[in-house]
Amino acid sequence: MSLYDVIINKIKQIQDSDKEGGPVTNITASSTLAAEITLLSSILVVVIMLRYYSNALMVIAVLLVIGIIVFAMPIMPKLKKEQNDSLNSMIFYAILILGIITTLFYWGSLNV
Amino acid sequence: MIIDPQLGSFFTAGALIIIGLFAALFIDNLIKKVIGLLFIADGVNLFIVTMGYKAGGIVYVFLPGMTVDWFAQNASYPLPFALVLTSIVIGASTLAVMLSLIIILYKKHGSIKASKILGEKGNQTQSKTPGDKI
Amino acid sequence: MNPLIPLMVIIPIACALILNLFHTKDRTVKIIAIIIAIILPSIPLFTNYGYHYFGGYAPLIENPALAQGLPVSITASALNVFHPAITYYFGSAQQIFMVVLGIIAFLAILTSLSETRKPSGVYAFLMFMGVASMSAIILTDDIFNLYVFFEIIAVTQVGIVVASKVKGNMETALKYMIIGSIASPLLLLGVALLLGVTGNVNITDIIYSIKTGLVNPQSPVLLMACGLIIFGWLYAAGLPPFHTIKSEIYSRALPHGAALLQAFSVFTLVAIGLIIIKIFAFFPFANVFIVGISVIAMILSITMALMQTDFKRIIGFLAVGELGYIGIGLGLGTAASITAGLFQAINEAIITAFLFIGFGTILYKTRESDIRKLGGIMVEMPKVTLLVLLSGLAMAGVPPLNAFQSKLMLIQSSLSAGVPELGIIMILLSIVTFMTFMKAFYAIYMRPKPSTLKIIDSNIPKATIFSLVVFLILCIILGLFPQIATSYLQPLANSLI
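Quick note, the sequences are listed as chains A, B and C, same order. Using our numbering, you'd call the opening residue of the first sequence number 4 and step up by one each time. Using our numbering, you'd call the opening residue of the second sequence number 1049 and step up by one each time. Using our numbering, you'd call the opening residue of the third sequence number 1027 and step up by one each time.
What the hints contain is simulated information worked out from the structure, not anything from laboratory work. The model shown is predicted, which means the values in this text are computed figures rather than measured ones. We treat Cβ as the ideally placed atom computed from N, Cα and C, and that holds for glycine. Please note that a few of the clues may not be correct.
In silico SDA-like pairs for lysine to any residue, Cα to Cα no more than 25 Å straight-line [said to hold, decoys possible]:
| # | chain 1 | residue 1 | chain 2 | residue 2 |
| --- | --- | --- | --- | --- |
| 1 | C | K1399 | A | T28 |
| 2 | C | K1304 | A | T105 |
| 3 | A | K15 | C | G1401 |
| 4 | C | K1191 | B | S1163 |
| 5 | A | K15 | C | P1476 |
| 6 | A | K83 | B | K1161 |
| 7 | C | K1475 | A | I30 |
| 8 | A | K81 | A | L99 |
| 9 | A | K81 | C | F1460 |
| 10 | C | K1304 | C | F1315 |
| 11 | B | K1164 | C | G1185 |
| 12 | C | K1399 | A | N87 |
Now the stretches of chain C that chain B is said to cover, found in silico as 3 or more residues with beta-carbon under 8 Å [what the hints assert, rightly or not]:
| # | stretch |
| --- | --- |
| 13 | 1097-1108 |
| 14 | 1196-1207 |
Taking the hints into account, I'd like the entire structure generated from these sequences.
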């Protein structure tokens, strides 16, 4: 079995387990795969931007991201489940980001 | 020890904002959630009012007999009070819209639980009849 | 003083109130709405650049008659240059934004009047009120005034969604309001902190205080204000974590409503984004954060768009994803990148409105928005299909259409700013944007028609076709002659750095 089939089967498996999405068609499976590849490649490019701060940090981050990719494939179905339309998760993420922004701007910028 | 009124007021404002955020995150009853959200807005309003406070200051009305310099040194700062008035009005109108939406949703679903009517499954829908008549 | 500047806000508000009164008189509503909608984009064309002072007067330095009797303690201090009024500024960039907003509003209102069976005064009220608040947000130089209109626009957006009768709209509207009531008080808190530090709400004066050292720029309170204003900005523009609710809002509105809503988001993003980079120019981390959140917005929204099955949601997510391009342009902070970002904002507002109204014709014909249940529409309406295809090409940045020019400018400016990675991400994601669009396009138009799909036998209104053609013409003109827009935007970008 080729690598492509392994990934497609895994995607179908995960989507089958969540029943609301309707039947899994080829078009949904392949668009999930495309989204997955887009996500991974763009995250890798983003991580490379860390070189403006420190080269060593970039190398570590790239290796870390590749490691995560290998173990957490496929990420996209999980990410979709995380970004759902429920009010509670939206508020949770809003307040989480508020916390991150406050921390970064208030404490993070004092000591740079 | 008597705490400085301005400092105490700032702490109260901060506490209100944090209570509001807590309520928004953890309370499931929509009416209570909305009350919590109102706490955030009230906390911010209190914060702004407190900013205009000046210990021992006078009301910012320029009366005959005052010199400009004396007035500038002693009057409290009027701008925050003007802003708060506007902000309270805005808060009241958004509150009215939110409560009316909750009433409509209660009639539709028979519940005011956020997890039930605004949860993941509550509104997974496709549009059916758009555009007929508004 | 320029009498036409306040009219840009007052006319739509007055019109909105009148339309609300005439709610049941259909003919009157239609006539008034169309006349005012034509006037909207034409006022900014005839307005001279300048300031307008609401409820106050010009700074003392420009007003020697008033300054005469005042003590030296006022005229010799910074109070001499402060603006004691709610100041509106109308310059060349504001002019082109107002014209584009006016055109989109006109076409959206025209489409809504022709596609709904019975024109609704209340719906027109909401649309005009939204346009009025948006104009104020673009023009104002007063950060508290901006907050007031920010709240009004949030309520009108909710109103447009509630009026749509799409299933699930009430729930979405309430969610948007609840999340809004977390974000907007925090924006107000940011404004309050700025007021506390500088004693001022006028943006020009705040910048003056910071630049001349009246205020310590490294004050942590000022940095906190920056963080809170950025949080409010994320909510207004729909960048993460608000991309899910924003795309949901678009998908629960009627197509013409969504076309207007996305224009509001784009212009709010630009207006507040410009304020952030103007006030916090001394603080480079703000720019880094803006670029970072924009990249995250692009990645998350475009990958989420690929996963959706409802075409309105697909365009909603794509619209949010495209906002990231504008954010990158603003965040890079060079004159070229800011010009490119602002140009991208204009293009994006036009193209997304084009897409929403174009795809709206499917709803008109089938009342169905799930791409799994659609197919074979091309046979039914070949002309509209061509227009929709062109809108998708425009969004992806295919020459000679307008987004090609702005995306090219963005990529060039990211290269010259020394961040080629951003250019790579932008190219990659515009390819994926096109793929997402083609997926929806194929499923809706080119696949054989499913037997369960019922097509309503009514022609697409001529007004809708007219709107689509106007959008296409705008795309082509801006694509062939980008200097029409950039020459208006350049002065603003140059003044920022």
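Evaluated hints:
no. : hint                  : in the structure
1   : K1399(C) <-> T28(A)   : holds, 13 Å
2   : K1304(C) <-> T105(A)  : holds, 20 Å
3   : K15(A) <-> G1401(C)   : holds, 23 Å
4   : K1191(C) <-> S1163(B) : holds, 23 Å
5   : K15(A) <-> P1476(C)   : holds, 24 Å
6   : K83(A) <-> K1161(B)   : holds, 24 Å
7   : K1475(C) <-> I30(A)   : holds, 16 Å
8   : K81(A) <-> L99(A)     : holds, 19 Å
9   : K81(A) <-> F1460(C)   : holds, 24 Å
10  : K1304(C) <-> F1315(C) : holds, 15 Å
11  : K1164(B) <-> G1185(C) : holds, 23 Å
12  : K1399(C) <-> N87(A)   : holds, 22 Å
13  : 1097-1108             : holds (count 3)
14  : 1196-1207             : holds (count 10)
When each numbered hint is compared with the structure, no violation occurs for any of them.
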